[in-house]
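Once you've looked at the hints, go ahead and assemble the two chains, each given alone in its own frame, into the complex.
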Amino acid sequence: MKGKRVKCLGLAFGCALSLLGCASSADGKVEIEIVQYKPEAANYFKTVEDEFNATHDDIHLTISSPNDATTILKTRFIREDYPDIIGIGGDINYSYFVDAEILSDISDYQGIANINPGYLEIAESLELVPVEGTYILPYVANAAGVLYNRDMFEEHGWQIPETWEEMLNLCGEIQAEGILPFYFGFKDTWTCLAPWNAMAVELSPSDTAKQVNKGATTFTSEYRELAEKYMQLLPYGPNDPFAYGYNDACTAFARGESAMYPIGSYATPQILSVNPDLNIDSFVMPASDNKEDRTLNSGIDLGFCVMEGCRNKEAAYEVLDFLYADENLQKYIDDQNAVPCKTGDFRLASMLDGMLPFIEEGNMTDYQDHYYPSEMSVDALLQTFLIEKDVDDFLTTFDTNWQRYNRDIIRMVQAYEAAHGNAN
Amino acid sequence: MKHENDRKRTFLLITIPILALFICFNTIPLIRGAMYSFTNSRGFGSFEWVGFRNYADLFTDSRVGKSYLFTVKLALVTTIVVNVLSLILALGLNSKIRAKGFFRGAYFLPNILGSLVVGYIFNYFFTYILPALADMIGIESLRSSILSSPSRAWIGVMIVCAWQAIAMNTIIYISGLQTVPEDVYEAGGLDGATGWKRFRHLTFPLIIPFFSINMVLSVKNFLMVFDQIVALTKGGPSQSTESISYLIYNNGMAGGQFGFQSANAVVFFIVIVVISVAQMKFSSSKEEQL
Numbered sequence: 001m002k003g004k005r006v007k008c009l010g011l012a013f014g015c016a017l018s019l020l021g022c023a024s025s026a027d028g029k030v031e032i033e034i035v036q037y038k039p040e041a042a043n044y045f046k047t048v049e050d051e052f053n054a055t056h057d058d059i060h061l062t063i064s065s066p067n068d069a070t071t072i073l074k075t076r077f078i079r080e081d082y083p084d085i086i087g088i089g090g091d092i093n094y095s096y097f098v099d100a101e102i103l104s105d106i107s108d109y110q111g112i113a114n115i116n117p118g119y120l121e122i123a124e125s126l127e128l129v130p131v132e133g134t135y136i137l138p139y140v141a142n143a144a145g146v147l148y149n150r151d152m153f154e155e156h157g158w159q160i161p162e163t164w165e166e167m168l169n170l171c172g173e174i175q176a177e178g179i180l181p182f183y184f185g186f187k188d189t190w191t192c193l194a195p196w197n198a199m200a201v202e203l204s205p206s207d208t209a210k211q212v213n214k215g216a217t218t219f220t221s222e223y224r225e226l227a228e229k230y231m232q233l234l235p236y237g238p239n240d241p242f243a244y245g246y247n248d249a250c251t252a253f254a255r256g257e258s259a260m261y262p263i264g265s266y267a268t269p270q271i272l273s274v275n276p277d278l279n280i281d282s283f284v285m286p287a288s289d290n291k292e293d294r295t296l297n298s299g300i301d302l303g304f305c306v307m308e309g310c311r312n313k314e315a316a317y318e319v320l321d322f323l324y325a326d327e328n329l330q331k332y333i334d335d336q337n338a339v340p341c342k343t344g345d346f347r348l349a350s351m352l353d354g355m356l357p358f359i360e361e362g363n364m365t366d367y368q369d370h371y372y373p374s375e376m377s378v379d380a381l382l383q384t385f386l387i388e389k390d391v392d393d394f395l396t397t398f399d400t401n402w403q404r405y406n407r408d409i410i411r412m413v414q415a416y417e418a419a420h421g422n423a424n
Numbered sequence: 425m426k427h428e429n430d431r432k433r434t435f436l437l438i439t440i441p442i443l444a445l446f447i448c449f450n451t452i453p454l455i456r457g458a459m460y461s462f463t464n465s466r467g468f469g470s471f472e473w474v475g476f477r478n479y480a481d482l483f484t485d486s487r488v489g490k491s492y493l494f495t496v497k498l499a500l501v502t503t504i505v506v507n508v509l510s511l512i513l514a515l516g517l518n519s520k521i522r523a524k525g526f527f528r529g530a531y532f533l534p535n536i537l538g539s540l541v542v543g544y545i546f547n548y549f550f551t552y553i554l555p556a557l558a559d560m561i562g563i564e565s566l567r568s569s570i571l572s573s574p575s576r577a578w579i580g581v582m583i584v585c586a587w588q589a590i591a592m593n594t595i596i597y598i599s600g601l602q603t604v605p606e607d608v609y610e611a612g613g614l615d616g617a618t619g620w621k622r623f624r625h626l627t628f629p630l631i632i633p634f635f636s637i638n639m640v641l642s643v644k645n646f647l648m649v650f651d652q653i654v655a656l657t658k659g660g661p662s663q664s665t666e667s668i669s670y671l672i673y674n675n676g677m678a679g680g681q682f683g684f685q686s687a688n689a690v691v692f693f694i695v696i697v698v699i700s701v702a703q704m705k706f707s708s709s710k711e712e713q714l
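These protein sequence lines are chains R and P, in that order. Taken in order, the first sequence gives residues 1 to 424; the numbers are from this note's numbering. Taken in order, the second sequence gives residues 425 to 714; the numbers are from this note's numbering.
The following block holds chain P by itself, in its conformation from the complex (with noise of 0.2 angstroms):
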């Protein structure tokens, strides 16, 4: 019995400092950023109670919603392509192909570099190096950078993101793949599952796990996108690339409405884990067993 409790004290001393570290840097400071948001604070000096007007600003507040539907947009486009490509690019580098281990790593690439580095680069490949491309081969409609159209400089976002994400994606793909064990193909070719039917009946439903993870974790890092935005366009050309990040950041820090955006804070962080929980949800509800 007290080597019992030896073993819980253990757990305990190693639980303890992390929930407190845990709770000092994350569940305070949002306590702390909830409670600004009932405020007019400019982040410093003086300020007033206002209750619940920042979060009824925010219903009405333009900005606020098509930074939103950017967002959302970005996300759900991006999700999409991320996960096809690396799914695909997974499948590629997981079958019998020479110099795996050297695409592998080549592909891995993009991930390791910094985010606001590759967006510096595919700003210069945007504003200069794409649009004499298009005038050399002759393409109207890249003759323009694509980042000064407010209607088309998403789509520039979308492939930096996507661009750097698919890299931890097919890593998480590649080892799903490897999980799937050579007898069920085996036993399946029997059946005369091949090919395309192979991959909808045998190999996906065995990586939903992975698929889930993937999900989850690419629409939550997109819709926090901040670091591409802040390389590539700066919210702009007139406010199209504003994600909800950096609208935060920028009019919270930098602009004097620490108080309303932090409310918005509060309101996409509501939203983030709801959207989260409900992936979950949805997609351990599909997983199959072995």
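Excised from the complex, chain R in its bound form (with noise of 0.2 angstroms):
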């Protein structure tokens, strides 16, 4: 099929393609080919290759780091055009990847002694159904909590909430006050999941996805309790949440609009880039009456992963080599204030403070939409749910669109457990 295309293409641009496509090696050396999904970290990770490439002789690395990368790496695909070493989110898309098998198992690769095994335990969770081997090393975490403006919360003398009770008081104190307790940002939908996966790791078990793959239970009954109190928080943000996105969010935030943020702390860059001097904290959102189940949603925000159709995987490992060096993951964890994956001393953004705890504890589950398939928009749902305000429309709706979707997968896993007994 390849070869068919080619010869087609051959007789127009044949000529310019075949020059592009051929560009490794002139001088002898390694290319390989780094694609990671974050635009955010693109300095970081120019300032790397060019590292990279000043201490290596025998290895070109090349990093690109596109916007929207998921998309470019999926069209890529189609054409059976693969980087060497692709750098995603512990989400559904790699539960594809790995299902497609264009991923290759680096259980060989030594570097993985170094990572935090909880990390892995939740790559491995993200597997559709078990598969031998280890297919990604994750890189750095992000958490997911509540944002809020440090000097606000003291010259109020506001304390962080631990129950949804105290939640549900502190944002009444702030409204008393005449400042706005939270701002969403809507308009994007994919925002509309920030607080629903930080509720959602307390208030439903973290495997709810797989279960119902099993047919063991329905999200009609596991989110109910989720989606009520949800609504209970939009009376505390902006009048017309749905008018502003991610971006404007963010910026009124910075500019002290209001004292909270349910977002992650990937926003935190953002949020800096328009106030420099803002004194960030986050806390865990607490979701439940009781304060010993509060646990941090926490997941793979980047993670390597060497292609299938990688030839030189030595290069491979020698790129992992130095990208996770301590002395480059510490640059990282201080330019985008993430959780480093690998074990070791490393300091810490002062925004993560609040959810240091958790960290050190272990005390993590990973985001409830890394198991959501990305074809049945959650985020939509949610964002309709958030307008309507019906609870049991958008439930049935979960549900009904749950078995549609994942009809493939469902009948993949059903297929697993009658052979091998029981999917984890």
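It is worth saying that the hints were derived from the structure and are not from the lab. All values reported here derive from a predicted model rather than from experimental measurement. Treat the hints loosely; a few may be bogus.
What follows is a list of derived Cβ distance ranges for each label pair [said to hold, decoys possible]:
#1 P:Ile440 - R:Ala415: 48 to 58 angstroms
#2 R:Glu388 - P:Glu606: 58 to 68 angstroms
#3 P:Phe449 - R:Arg76: 10 to 20 angstroms
#4 P:Pro441 - R:Glu80: 23 to 33 angstroms
#5 P:Leu493 - R:Thr55: 52 to 62 angstroms
#6 P:Val541 - R:Glu80: 29 to 39 angstroms
#7 P:Thr439 - R:Glu80: 47 to 57 angstroms
#8 R:Arg411 - P:Ile452: 26 to 36 angstroms
#9 R:His420 - P:Ile440: 49 to 59 angstroms
#10 R:Gln232 - P:Ile455: 46 to 56 angstroms
#11 R:Thr47 - P:Leu443: 44 to 54 angstroms
#12 R:Met231 - P:Ile696: 33 to 43 angstroms
#13 P:Lys490 - R:Met412: 25 to 35 angstroms
Beta carbons: idealized from backbone N, C-alpha and C, even for Gly.
Spelled out as structure tokens, the structure:
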């Protein structure tokens, strides 16, 4: 099939394309290409690329950080054009890539020993059905909860809430002083997922999606409390949260227009770019009435996978060694306020202060939405729900859409279970 | 005779490369797309053949249904708005007014701007400027951004589409109006055809070919609306402005529904062909010859 396409293209642009296609190893160097999906870290990866090339004679490294990289990657995969290493998040796309057998098993890579086992476990549970081997090397994690304006809190003497009731009381208190408790940027549908995920880790089991796939439970029974509680947050946000996008919300929070912003730690660089002096801290979103139920919503924000098509795995491992060197990882952490997935002594950003105890304890739970298929657009479902405020309708739609969009996966899981007794 | 053959060969030499390019970049991808529509492919990796399941799903999928409804509604309303306004503009710009060249240039301006740029500017306008204005004047219903309301967001999309499309349609109408000979108006004037009557019975029948080309172009363009959606709403709020093209791109590429959305694209292709052919048939039957 590939041959045929090349022949056709050859009619028109053959020369031009083949030049592009065989750009590698003109000077005897091994070419390693990384495509990573975090455009906000593009500058960091540019310096890594330069430093790597300056210190290595036998390998030439190219790192690209395009916008909407997952779509670009998938489009390239359609053309069977694979980079050597991809940097992606631990979400459903990773599950799909593993299932499509386009990632290479890296269990023979020695660096794995230094990775926090908690994150390797998270990666493993992302596999649709258990697969032998390791396919992603977690780099950094992010954490979602509530970012708050530390100065504003100190000034008014507000306390960090530890239960759902305290949370609502705090919101009431803030509102009583004429300050907006929350800002939301629900025009960008994906931001609807941030508070949802942060509350879901406490209110429903982390493997809810898998249990539903097995037919053991339904979302209607698992998510009702979550949906009802989410709705109670709305009155504490701006009047028309669906008019503002993520950028608008970050800007507004940075300018002190609200006391809190329920979003992930990944938003802090954006916020600080508007107001570098803002004193931000974070706390774990309390959603349960029991403060022992609190757990930090954290998942793999960026990990590296070696593609099956990579022709020189040793060179790829050398690149990984360089990326995971302590000083480079520390630079990334400083730059992006991220949480490292490697064990060791790293300095974390001050806006993670409130989450630090949870990280140190290892009390972390992966995002529920990492299990949602992207084409089901749960973010848009949530947005609809927040506009319509109809819990029953939302939960029914969630369940019916889930069955419809996961049909192939559910069949696969059930076939696996029939064969192996129990999928984890 | 030999001369004739040479001529034919020249035409063939011109046609064949173009045909080859067309087949390579249009027909083959189309056939491959149709092939994928019978699989459960995510676009990469392994896939299975699923027969007509994707097509059966299409007709039961409420999201697809919603996107067809939205797109058809948008295309119909925008086509009417665009054609009425651009015909009026063309009539004005074709009459003897001052600084005609300047006005024609000014009204053509939106067409040269990229639709994403226009979209982002209007996005800012709808989110911040319009609500602020409404607040000042005291119009209650416009105080919140129209793009944030599922029932009104399509109006925002419609305005942006129309604003930009009017430019091209106006130019086509102006060129149409210039083909109407002056003596027809003179003769009509003797029979008492002025104002609306003149337009209704003389001008309009004579520019029907231009009207039909405008209708076909508008309907086709608005059925395939994409850029404006990306810049304004990204399909939201609550999927109320998800056009068919946007859904195909979004779920086919970014989501894992390559096979399913290929089926959607095949159906959409057939729909557009049918609509275009029907329109051509209908309006060519109405054409007048001088």
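Hints versus structure:
The beta-carbon spacing between Ile440 of chain P and Ala415 of chain R, approximately 51 angstroms, falls within the hinted interval of 48 to 58 angstroms. Remark: the range hint 58 to 68 angstroms for Glu388 of chain R to Glu606 of chain P is upheld by a beta-carbon distance near 60 angstroms. Separated by about 18 angstroms at the C-beta atoms, Phe449 of chain P and Arg76 of chain R satisfy the suggested range of 10 to 20 angstroms. Between Pro441 of chain P and Glu80 of chain R, the C-beta spacing of about 27 angstroms keeps the proposed range 23 to 33 angstroms intact.
At about 59 angstroms, the CB distance of Leu493 of chain P to Thr55 of chain R agrees with the hint of 52 to 62 angstroms. Between Val541 of chain P and Glu80 of chain R the C-beta distance comes to about 34 angstroms, which sits within the given range of 29 to 39 angstroms. Restraint check, Thr439 of chain P to Glu80 of chain R: a C-beta distance of roughly 32 angstroms breaks the suggested window 47 to 57 angstroms. For Arg411 of chain R paired with Ile452 of chain P, a C-beta distance near 32 angstroms keeps the hint of 26 to 36 angstroms intact.
A C-beta distance of roughly 58 angstroms is found between His420 of chain R and Ile440 of chain P, which places it inside the suggested range of 49 to 59 angstroms. A beta carbon spacing of about 53 angstroms between Gln232 of chain R and Ile455 of chain P agrees with the range 46 to 56 angstroms that was offered as a hint. As the Cβ distance of Thr47 of chain R to Leu443 of chain P is approximately 50 angstroms, the hint placing it in 44 to 54 angstroms holds. The hinted range of 33 to 43 angstroms is satisfied by Met231 of chain R and Ile696 of chain P, whose Cβ atoms lie roughly 41 angstroms apart.
A C-beta distance of roughly 29 angstroms is found between Lys490 of chain P and Met412 of chain R, which places it inside the suggested range of 25 to 35 angstroms.
Of the numbered hints given earlier, the model fails hint 7 alone.
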